[in-house]
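Enquirer: Sequence:
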Amino acid sequence: MANDDVQTLVAVVRTELPGDGPAWPGGWPDQIEAALIDAVRSIRAAYGREHNGVRGAVGQWRAHRGSDRTDDLTVLAETDPAVLTGIVGKQRLSGGASKAEAIVEAARNLSKLGVRHAADVDPDSTGQKLAYTDVVGLGDVTWEHFLMLLGRQGVKADVWINRFVHRALRRTPSSAESRDLVKAAAAELRVDATAIDYAIWSHARIGMVER
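So for the sequence shown, the UniProt record's numbering puts the first residue at 1; every next one is plus one.
For the record, the hints were derived by calculation from the structure and aren't laboratory data.
No residue lacks a Cβ here, since even glycine has one placed at the ideal position from N, Cα and C.
Some clues are possibly wrong.
[Claimed, not checked] Per label pair, the in silico range of CB-to-CB distance:
id : residue 1 : residue 2 : range
1  : Asp122    : Trp24     : 19 to 25 Å
2  : Arg171    : Pro29     : 33 to 39 Å
3  : Val191    : Ser94     : 30 to 36 Å
4  : Thr172    : Arg69     : 24 to 30 Å
My request is simple: use the sequences and hints to build the entire structure.
Expert: Structure below.
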């Protein structure tokens, strides 16, 4: 990763991103069920407000559970995917499976490794990451997002982040390079990686809509 690329990205961030832009909503620290539903349900989806989109899906699950502290992955692992579809929606992943099916499969895979609560998630565990990414349609980017939703600083290098970095550098980076560059830019700017990720994501989406 070249320092010139980092400085170029920093300059574009300073020029284009408003200081009063939307703040990172905060994710779901200590709520592994909500974080998993959010991470999978938000793939190529509108985040929405309290009663629709991704947030609405999380809200529906919490209402189904009768609790706003959804931190027991075994509950999701034991849920019939058809039942979960009725709660979080019928959206499908690129592999063809429904997002509800992917959520339940990921929950079961992680549960087999002893992951039950948010505190059990180890960001550095290769086994846990593989348990998640073994699900067709779930990859490194959504694993990173899952960790971010649980409170870890990170960058979700999805299409919006990649487009922003591509435009800034005038070349096509890999998702891994985009992630590392945005993290380096955040360090240079002395801001949280998650905060700058969300600021870029929001700005890039708005820019594409306006075009």
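Enquirer: Mind listing which of the numbered hints don't hold for this structure, in increasing order?
Expert: Per hint list: single violation, 4.
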